[in-house]
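S.K.: For what it's worth, the UniProt record's numbering labels the leading residue of the sequence shown as 1, then goes sequentially.
One or more hints might be untrue.
Restraint ranges, calculated between C-beta atoms of paired labels, are given here [as the list claims (entries may be wrong)]:
{"#": "1", "residue 1": "Leu8", "residue 2": "Pro162", "range": "19 to 29 Å"}
{"#": "2", "residue 1": "Leu53", "residue 2": "Ser124", "range": "33 to 43 Å"}
{"#": "3", "residue 1": "Ala273", "residue 2": "Pro236", "range": "52 to 62 Å"}
Simulated from the structure, these hints should not be mistaken for laboratory data.
We put the CB at the ideal spot given by N, CA and C, even for glycine.
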Amino acid sequence: MSTEPASLESLRVLYHSDDYIVVDKHWDIRIDSKMWYEKNTVQAQLRHRFPQLADPRTYYGFRFCHQLDFSTSGALCVALNKAAAGRAYRCFKDRTVTKFYLALIRGAVEGETHTVDFSIGKNSTEGKTHMMCVEGTEGCENPKPCQTELLVLEYGLYDGDPVTKVLLQPLTGRTHQLRVHCSALGHPIVGDFTYSSGTDNSPYRMMLHAHLLHIPLEPQPLRVTAGDPFVPAVDPKWLPQCSLRTLDATVEALIHRREEEDRKIKKEEQERARKEEEDERRKRSKEQSTEEESEEQRRQCQQWLSEWAGD
Numbered sequence: 001m002s003t004e005p006a007s008l009e010s011l012r013v014l015y016h017s018d019d020y021i022v023v024d025k026h027w028d029i030r031i032d033s034k035m036w037y038e039k040n041t042v043q044a045q046l047r048h049r050f051p052q053l054a055d056p057r058t059y060y061g062f063r064f065c066h067q068l069d070f071s072t073s074g075a076l077c078v079a080l081n082k083a084a085a086g087r088a089y090r091c092f093k094d095r096t097v098t099k100f101y102l103a104l105i106r107g108a109v110e111g112e113t114h115t116v117d118f119s120i121g122k123n124s125t126e127g128k129t130h131m132m133c134v135e136g137t138e139g140c141e142n143p144k145p146c147q148t149e150l151l152v153l154e155y156g157l158y159d160g161d162p163v164t165k166v167l168l169q170p171l172t173g174r175t176h177q178l179r180v181h182c183s184a185l186g187h188p189i190v191g192d193f194t195y196s197s198g199t200d201n202s203p204y205r206m207m208l209h210a211h212l213l214h215i216p217l218e219p220q221p222l223r224v225t226a227g228d229p230f231v232p233a234v235d236p237k238w239l240p241q242c243s244l245r246t247l248d249a250t251v252e253a254l255i256h257r258r259e260e261e262d263r264k265i266k267k268e269e270q271e272r273a274r275k276e277e278e279d280e281r282r283k284r285s286k287e288q289s290t291e292e293e294s295e296e297q298r299r300q301c302q303q304w305l306s307e308w309a310g311d
């Protein structure tokens with residue numbers, strides 16, 4: 001990831017198969033746009049690099065499986081056909097997709113882990129309708145539950161000011177969720193102009209990066225990592241001072257935990273389905289036994305009536 005602005009030729013491909021392309025989206029580019037003056041988009045980059053893969057039946061030529069904000073960089077998955085898009089969409093809909101983001105946030109976060117569960121709604125305040133907000137704040141409309149896991153990786157300085165490097169895992173998928181949650185904690189993302197009331201405008205970019213994307217497709221899951229742009233070699237203004245945990249080991253541990261949880265859920269679902277099938281079998285057996293018993297009772301009754309009539 002470069003500190004230079006995006007260009008039509010600067011598309012970085014992380015993964016390419018017959019069904020999907022995963023790109024490392026640049027930090028200052030929109031995914032797509034209907035505006036004639038928006039010449040530089042991921043869609044335009046894809047058309048430039050892979051003109052033969054554009055599908056004329058779609059509006060943008062490519063099927064984007066999910067979204068990243070204009071100022072967010074990192075792993076972005078694109079489906080190359082309708083069937084592949086459907087498979088990925090079902091995973092996102094069922095919330096089986098795992099995503100990890102890296103961020104530099106203002107201040108020193110107290111505590112190594114946090115579960116952030118502020119509900120988020122649309123901001124109806126005049127001049128802020130492009131923003132989201134947490135439940136209970138002025139102008140917050142229709143807030144919906146959402147949850148983010150935050151783990152501290154490193155403490156350090158950015159351009160002389162204290163910041164914390166964190167790993168964020170969104171457990172829901174609300175608009176601007178990570179940006180709003182960090183801001184609500186009192187630790188807005190470095191360079192987030194929108195959620196700093198327009199004051200954080202000195203960094204060259206917003207420091208939020210989609211580091212890892214795992215889609216549990218069958219039979220082969222898709223797992224792609226988009227590296228770490230928040231290192232001194234890329235941006236010398238970032239100076240790490242105290243490391244609590246390494247990125248790779250932390251991600252692997254979290255992925256393993258998620259896989260264990262998924263296996264447990266799948267096992268419980270299988271056990272529940274087996275029990276329901278067993279209960280249904282017992283029910284049918286009981287109904288059949290009752291029918292046979294009723295038939296025997298009718299036969300005895302007919303015999304009794306016949307004997308009574310004979311008497």
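S.K.: Each of the hints needs a verdict: does it hold here or not?
M.R.: These are the hints, each one checked on the structure:
1. Leu8 with Pro162: 19 to 29 Å: violated, 38 Å
2. Leu53 with Ser124: 33 to 43 Å: holds, 41 Å
3. Ala273 with Pro236: 52 to 62 Å: With Cβ atoms ~56 Å apart, the hint holds.
Hint 1 from the list above is the single one not met by this structure.
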